[in-house]
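One letter stands for each residue in the lines below.
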Amino acid sequence: MTLALYVPRPTPVHRAPAGAKLLALAGLGALVFAVPTLLVAAGALIGVLLVGLLGARLPLGLLARQARAVAVWVVAILVVHALATDVLTGVETAVRLLALVLAAAVVTATTRVTAMVAVVERVCAPLRFVGVRPARIGLVLAMALRFIPLVAERADRIREAQAARGGSRRGLRGLRTTVVPLLVQVLQLAHTVSEALDARGADDVPRRARGATS
Amino acid sequence: MHHAYGERVVLDGLDLRLTEHRVGVVGANGSGKSTFARLLNGLVVPTAGTVLVDGLDTRTAVREVRRRVGFVFQDPDAQIVHPTVAEDVAYGLENQGVPAAERAERVAEVLVRYGLAGHADHPAHLLSGGQKQLLAIAGVLVMRPARIVFDEPTTLLDLINARTVMQVIAELPQAVVVVTHDLDLLEGFDRVLVMDAGRVVEDGPPEQSVRSYRKLMADP
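These protein sequences, in sequence, are chains A and B.
Quick note: the first sequence uses our numbering, first residue 16, plus one each step.
Quick note: the second sequence uses our numbering, first residue 90, plus one each step.
So that you can see chain B by itself, here it is in the shape it has in the complex (with noise of 0.2 Å):
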């Protein structure tokens, strides 16, 4: 599978299959991870090859690949379009038909799971950044995806909020793929892409991945 922008190349000659269930992403800024990501739910499709997901191709069943495939992207200020914290996690539900009573209930649940409860009814751009990743991540399991592509969560967060994030994916029962410069977050994942100038110089468990991506970085 290839990606360009133009004449630009950002993936070239990628052939993968994941079935692991925590999968991790690293590489440099402009490595191409970023489009890898958006690639698994179709926000893009490649201008040659194929992204299926459950046997779906994501250019012609885009809608229901987005129904299995969840995604959090890296500023959840641009996730959240909804004035306040309830009514943005329901958007998703809305787009699906949900009747108003279960939506009403599957938000409150996932307001609980996640500590905004208390802010349910709270201007949105007044929470926090780790409240505000949390609400991002709310607003797409409150849609109960069978896998979820995370595009750098922890990046623009402090300490004690990218600790919560990770333990938020740790906990995650569904498929995870989360693109990252973290290293601590790939802990306990079972498969680690190393991407450099959109290929994918490594493939293996996370100590493995890790020691070549340092490698790399060192000596780019």
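Chain A extracted, bound-state conformation (with noise of 0.2 Å):
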């Protein structure tokens, strides 16, 4: 599993603001729902792939995986469409889908996740008349990127560890039979994690100057 999916490579696209790009994101979304025809969303689908595919230079396996992703709901779309109003419709939505999908697959893809959690920073900026910290909440934002991934490996070594001794792997007994054992492994990670996270002067934060890195 990988939620990371920034891919490096020297293009204006990549050199875009992550500010500006997630605007656009959600401007084209706004646009979509807002003009509800089949030529505004197949242009957005259009448009999208000559960015991400010209202008970012993405492979074309990466968007493919992401439209993979959600193909299941675009049949769903059709095939509901179909049935109680009429395939027009039922292909203007899935275009728009996936339109959006590919729209925020080649933001993620071109905007690291420093740049990313910034742009959540300055937009959580006001929070801090309330007493929240904005840099906490962009941390929290880039660990659950960075554990999501590693949470659902241990799942599965726990999955593979009962699979191994015989344990099944089937209906809500398996559930629980995961689920606690999995519980206490994150519980034991958070409280390393925090250690970690003091040792690396988590509370010193003078002012997150976030950036690129490299």
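It is possible that some hints are incorrect.
As the list claims (entries may be wrong) - A few chain A positions that, by computed beta-carbon distances, are all more than 10 Å from chain B:
no., residue
1, 30
2, 51
3, 64
4, 88
5, 94
6, 102
7, 151
8, 170
9, 171
10, 180
11, 190
As the list claims (entries may be wrong) - Label pairs and their computed distance ranges (CB to CB):
no., chain 1, residue 1, chain 2, residue 2, range
12, A, 69, B, 217, 31 to 37 Å
13, B, 194, A, 100, 57 to 63 Å
14, A, 138, B, 118, 45 to 51 Å
15, B, 118, A, 167, 26 to 32 Å
16, A, 45, B, 261, 52 to 58 Å
Just so you know, these hints were derived from the structure itself, not from any lab.
Predicted, not measured: the structure shown is a model, and the values here were computed from it.
Glycine residues also receive a C-beta, built at the ideal position from the N, C-alpha and C atoms.
Relying on the hints, combine the two individually framed chains into one complex.
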């Protein structure tokens, strides 16, 4: 499982500010919903592909993998609309979904996590007045991206260990026997991670001056 | 100095002055050596007594102590907090408020030194065990601490990766304290402490301490 999809390339799309890319993504989302026509949705999809493949020089396989991840939903949308409304509306909705998913993938693949987190911190800056530390919100986001694959990996190890000893991997009982040891491991991990954050000066923070690191 | 978790005493009557360049700490599981390591940069403060680093009390000057004493954990997965390699190495520098340009320079330099330059933008969780431990060390070294504490740095590694980490530790200009079960790692050290039930039961050059430790393990 990979949540950090950044693909380094020396392109203008990569160099564009993270805030601008996120704003463009939000704008694209607003546009395809505000003007719900096949022409706009198809135009958005073509535009995203051009920016992703030519502008950002991303590999076709990366975008194809993202499209495959929502293939089931695309098919479901088509089927539901074909039965409930009409095929054209189904195609338009499916193309819209695909355009937005691929646009999000292009933004993720061309933007470092730290740059994205810096935008979140800037957006959350007013929360400072109610006692919330924006840097902490950013750190939580970055850590979520870091630890979700790790926790998934540990869950796999537990399931494998149980399977190796003839344990059941199915049903509610299987879920419980996985969740309890996983929870214990995650709590132990959380304790060590909190120590590691302390050791690396998490509470020092004179100012979180984030930005590209290389 | 004493330390206890509730009723359980884990360190009992320690009175030490560590001035050597390389100090090793060995002992059975549960002997208190990891708690001892954590005392050295203020992750744990003693329940009685004082730990001083360059005259600074870890109880009252913990931030300054942590700037001076880096800490490398046994499990690098617990130490790597950012999704990609370069971002993780930069984390400690961000906390210190190092400007972006200098940060980028120092991160690049340390990644080259530890053979991770080609992985700068790779997801950290896709690295091998050895590379993760090198990344954890790089994340500490980039902060340029004067001393580094290693808590069982080779325990989770295969022989080749363990040797690489040993080599890295051997070449460090900083003073190091290494808690380990890996007796090969102690070769060339200046001083080795043997811990048992929260006490230092041997304190001397590696050969003497390792001999004593082997005897202790053979006849506990």
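Hint by hint, here is what the structure shows:
For residue 30 of chain A, the shortest C-beta to C-beta distance to chain B comes to about 15 Å, beyond the 10 Å cut-off, and the non-interface label holds. No beta-carbon of chain B comes within 10 Å of the beta-carbon of residue 51 of chain A; the shortest separation is about 35 Å. The beta carbon of residue 64 of chain A sits about 23 Å from the closest Cβ of chain B, which is more than 10 Å, so the claim that it is off the interface holds. Listed as outside the interface, residue 88 of chain A is consistent with that label: its C-beta sits roughly 25 Å from the nearest C-beta of chain B, beyond the 10 Å cut-off.
Chain B leaves residue 94 of chain A outside its interface by the beta-carbon criterion, the shortest separation being 35 Å against a cut-off of 10 Å. Interface exclusion of residue 102 of chain A from chain B stands, the closest Cβ pair being 40 Å apart, more than 10 Å. The beta carbon of residue 151 of chain A is kept farther than 10 Å from every beta carbon of chain B, the shortest such distance being approximately 12 Å. Interface exclusion of residue 170 of chain A from chain B stands, the closest Cβ pair being 14 Å apart, more than 10 Å.
Every Cβ of chain B is farther than 10 Å from the Cβ of residue 171 of chain A; the closest lies at roughly 12 Å, confirming the non-interface assignment. A cut-off of 10 Å between C-beta atoms confirms that residue 180 of chain A is not in contact with chain B; the least separation is 22 Å. For residue 190 of chain A, the non-interface assignment is confirmed: its Cβ lies about 24 Å from the closest Cβ of chain B, beyond the 10 Å cut-off. Restraint check, residue 69 of chain A to residue 217 of chain B: a C-beta distance of roughly 35 Å satisfies the suggested window 31 to 37 Å.
The hinted window of 57 to 63 Å between residue 194 of chain B and residue 100 of chain A holds, with their beta carbons roughly 58 Å apart. For the pair residue 138 of chain A and residue 118 of chain B, the beta carbons lie near 47 Å from each other, so the given range of 45 to 51 Å is met. Under the hint 26 to 32 Å, the C-beta atoms of residue 118 of chain B and residue 167 of chain A, about 29 Å apart, fit the expected range. At about 54 Å, the beta-carbon gap between residue 45 of chain A and residue 261 of chain B stays in the expected band of 52 to 58 Å.
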